[in-house]
Amino acid sequence: MTDLLPADLADERLVKEKGLVGVFQAFGHRVRGGELGSLPVIVGLIVISLVFYAQDATFLSSRTLVNITLFAAPIGIIAIGVVLVLLLGEIDLSVGSVSGLAASVMAVMIVYHGQSLVLSIAAGLGVGLAIGVGYSLLFTRVGVPSFVITLAGLLGFLGLQLVVLGKNGTVNLPSDSALLEFARASFLSPVASYVLVAVVTVIYGLTQVLVIRRRTAADLSAPSYTAVGIRTALMAIGLGYLAYYLNIDRGIGYLPLLFVVLVVVMDLLLRRSRWGRHVFAVGGNEEAARRSGIRVNLVYMSVFALTGFFSALGGILAAAQLTSVSQASGGTDTNLTAIAAAVIGGTSLFGGRGTAYAALLGIVVLQSIQTGLNVIGVDSSVRYMVTGAVLLLAVSIDSVSRRARSSSGRG
Amino acid sequence: MTATLSEQDQAPPREAVLSLVGVGKRFGAVQALTDVHLDVAPGEVVALVGDNGAGKSTLVKIISGVYQPDGGSITFAGRHITVGGPKEAQALGISTVFQDLALCDNLDVVANLFLGQERTSVGWLDEVAMEKESWRLLRTLSAKIPSVRIPIAGLSGGQRQTVAIARSLVGKPKVIMLDEPTAALGVAQTAEVLNLIERLRDNGLGVILVSHNMADVQAVADRIVVLRLGRNAAEFRVEDVTTEELVASITGASDNVVTERAKRRAEGGMHDD
Numbered sequence: 001m002t003d004l005l006p007a008d009l010a011d012e013r014l015v016k017e018k019g020l021v022g023v024f025q026a027f028g029h030r031v032r033g034g035e036l037g038s039l040p041v042i043v044g045l046i047v048i049s050l051v052f053y054a055q056d057a058t059f060l061s062s063r064t065l066v067n068i069t070l071f072a073a074p075i076g077i078i079a080i081g082v083v084l085v086l087l088l089g090e091i092d093l094s095v096g097s098v099s100g101l102a103a104s105v106m107a108v109m110i111v112y113h114g115q116s117l118v119l120s121i122a123a124g125l126g127v128g129l130a131i132g133v134g135y136s137l138l139f140t141r142v143g144v145p146s147f148v149i150t151l152a153g154l155l156g157f158l159g160l161q162l163v164v165l166g167k168n169g170t171v172n173l174p175s176d177s178a179l180l181e182f183a184r185a186s187f188l189s190p191v192a193s194y195v196l197v198a199v200v201t202v203i204y205g206l207t208q209v210l211v212i213r214r215r216t217a218a219d220l221s222a223p224s225y226t227a228v229g230i231r232t233a234l235m236a237i238g239l240g241y242l243a244y245y246l247n248i249d250r251g252i253g254y255l256p257l258l259f260v261v262l263v264v265v266m267d268l269l270l271r272r273s274r275w276g277r278h279v280f281a282v283g284g285n286e287e288a289a290r291r292s293g294i295r296v297n298l299v300y301m302s303v304f305a306l307t308g309f310f311s312a313l314g315g316i317l318a319a320a321q322l323t324s325v326s327q328a329s330g331g332t333d334t335n336l337t338a339i340a341a342a343v344i345g346g347t348s349l350f351g352g353r354g355t356a357y358a359a360l361l362g363i364v365v366l367q368s369i370q371t372g373l374n375v376i377g378v379d380s381s382v383r384y385m386v387t388g389a390v391l392l393l394a395v396s397i398d399s400v401s402r403r404a405r406s407s408s409g410r411g
Numbered sequence: 412m413t414a415t416l417s418e419q420d421q422a423p424p425r426e427a428v429l430s431l432v433g434v435g436k437r438f439g440a441v442q443a444l445t446d447v448h449l450d451v452a453p454g455e456v457v458a459l460v461g462d463n464g465a466g467k468s469t470l471v472k473i474i475s476g477v478y479q480p481d482g483g484s485i486t487f488a489g490r491h492i493t494v495g496g497p498k499e500a501q502a503l504g505i506s507t508v509f510q511d512l513a514l515c516d517n518l519d520v521v522a523n524l525f526l527g528q529e530r531t532s533v534g535w536l537d538e539v540a541m542e543k544e545s546w547r548l549l550r551t552l553s554a555k556i557p558s559v560r561i562p563i564a565g566l567s568g569g570q571r572q573t574v575a576i577a578r579s580l581v582g583k584p585k586v587i588m589l590d591e592p593t594a595a596l597g598v599a600q601t602a603e604v605l606n607l608i609e610r611l612r613d614n615g616l617g618v619i620l621v622s623h624n625m626a627d628v629q630a631v632a633d634r635i636v637v638l639r640l641g642r643n644a645a646e647f648r649v650e651d652v653t654t655e656e657l658v659a660s661i662t663g664a665s666d667n668v669v670t671e672r673a674k675r676r677a678e679g680g681m682h683d684d
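Residue numbers (the working numbering), protein chains in the order written: chain E, 1 to 411; chain U, 412 to 684.
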């Protein structure tokens, strides 16, 4: 019996699920066992879409959707950094302040000091990186909890932002800047968007085929070519339709595209690199990670630095989108939306569980709610309450699925 | 198993792969270890027993590089070594399975087995190679793990112990130290782990087994080293000793010392201080 089966399926206790029905059955088992993955978020998105669509049909117009992609991107980029710290079981409450400070530094360098755009952006990003490294040193050397460090940072860097901006308080970016052009008016041409979809689909399909080849060669179970074919086809259709629908209006903006690329790159790094494996290990059991020779402090430093970097990048892009930096840039709203997005997207607050895609899904949910409420003309007070309720719901779902996981032995 | 034991009885004493001589360790006012010696040969299970506070854990931590000894020397595979840290011990070929196992519950079996020593190809994790090697390792231990792609949290205590032991084999060590491997396990799982230890021995590894459980020690060890108050108190071949004698030497009941010495003298080759 063992000779006929791949090594990883040889155990007689494994329940084998075959064919397409098996795929659905396995999915059902996972959900009941508390491995919800992105399911709640996707269900949530569908509900949100239907509710707003029923109120006002323009919510699902391609114009609204393009707007959602544009406005979601800057805070979404900040949320990637929040996902990273949450994976370590830590928190960064200061992502908003850091984003505002970085944007201020960049704007002041361009406008008041006449520095080049590249240098100014680099300085802004450098501020974010340096803050992250500083946090990690305080955290690992002094042992201050990240909650306190970043709470202090939230206040401190807000003050520093006011100092940097000076008396006027608001700095308008030059309207002919390439940065503004990038964030506000750059879209893929329809042809380019379809080429991109084709390239992504082909790369995905080829890597899947490669995985099948390698696993079969290593005598391990592999997904069937049919399953991979169906998945690739679905992906092509989904992405192709999305591109088509967005192209009816302005199309796929460079800014949202950058956001998605960053999410994909971080996802690859987290799942497929040694560094990413070590991030999950430290988030799951720091002591175990340390004893297996992982340089835990370096992991903390890299993650805090990346969070600072993504905050700064998000802040700079948000400033470019709004064409100015003010004392309110990166305020409470940015902060809480970025953290809420990471959590709503399915990153566990307890460390060790989550994916980079949480930032993407979470921010799309939050931005859809915000845009939807704007479309139907509701006061911002309602928006806060709705966002709070959604956050609570998301964390409740996480907690319930945690219980289901532990009772079904998936920890 | 009996056959292996009697073979070893007749064979001349083998060259020790790990040998500690005169090791001492002091913490402030407490002399935790005094002039301790310990030998482990390839394909031999040496049990390290002793009461609480006898110095077992300190000795384990010295061998695994967590503590530095104040005095004495450690010889490994024929040369003097100093073990600067756990990583160094692993690189030398001494691996330790700590009592709390040090596994990441959120990661799957493959990720845990290769934690800190992941296989990569062109910079990215080589999951296929690691998964294949995982099955090979688990099969050499005849381990019963249904799937290597489920998180550790879903495994039983015995299966976790198995994963921890399998992980200690990843770096191809010569000596494996197991700290209380059966302490938290049920009857069947304990038997499984004892089987594992025998398989490690059959694969030619030197095994140091730290345990409180006399039944386990007597079931699987070739030689039993007793520590008491930080000193070598006695050393037995497992077939020469009764549970009563062991307990007596662990607790230090003096009326047993004479019989122990007599036994060891008769056997020759063994000595204590």
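These are computed hints drawn from the structure, not numbers from a lab.
Quick caveat, the model's predicted, so the values are computed rather than measured.
You may find that some hints are simply not true.
Heads up, incomplete: computed chain U residues facing chain E, CB under 7 Å, no partners named [claimed, not checked]:
1. Phe-438
2. Ala-502
3. Leu-514
4. Cys-515
5. Asn-517
6. Leu-518
7. Asp-519
8. Arg-530
9. Val-533
10. Leu-536
11. Asp-537
12. Glu-544
13. Arg-639
Cβ coordinates follow ideal geometry from the N, Cα and C atoms, glycine included.
Just to be careful: measuring from the Cβ of U:Arg-639 to every Cβ in chain E, is the smallest value less than 7 Å?
29 Å, violated
Does U:Asn-517 pass the interface check with chain E, least Cβ-Cβ distance below 7 Å? 4 Å, holds
* Asked: Can the hint on U:Leu-518 be confirmed by a CB-to-CB distance to chain E that is less than 7 Å?
  -> 6 Å, holds
Just to be careful: measuring from the Cβ of U:Leu-536 to every Cβ in chain E, is the smallest value less than 7 Å? 5 Å, holds
Does U:Arg-530 meet its interface restraint, that is, does its C-beta lie within less than 7 Å of any C-beta in chain E?
This interface hint is violated because 10 Å lies over the 7 Å limit.
* Minimum Cβ distance from U:Cys-515 to chain E below 7 Å? -> Holds: closest Cβ of chain E sits about 4 Å from U:Cys-515, inside 7 Å.
Take the shortest C-beta to C-beta distance between U:Phe-438 and chain E; is it under 7 Å? Violated - the Cβ of U:Phe-438 stays beyond 7 Å from chain E, reaching only about 21 Å at its closest.
Holds or violated: U:Ala-502 as interface residue toward chain E, Cβ cutoff 7 Å?
9 Å, violated
Check: Holds or violated: is the Cβ of U:Asp-519 closer than 7 Å to a Cβ in chain E?
Finding: 10 Å, violated
With 7 Å as the cut and Cβ atoms as the points, is U:Leu-514 at the interface with chain E?
-> 6 Å, holds
Agreement of hint U:Glu-544 with chain E interface, Cβ distance less than 7 Å: 10 Å, violated
Holds or violated: the hint that U:Val-533 contacts chain E, with Cβ atoms closer than 7 Å. Check failed: Cβ of U:Val-533 comes no nearer than 11 Å to chain E, outside 7 Å.
Violated hints for the displayed structure, listed by number in ascending order: 1, 2, 7, 8, 9, 11, 12 and 13.
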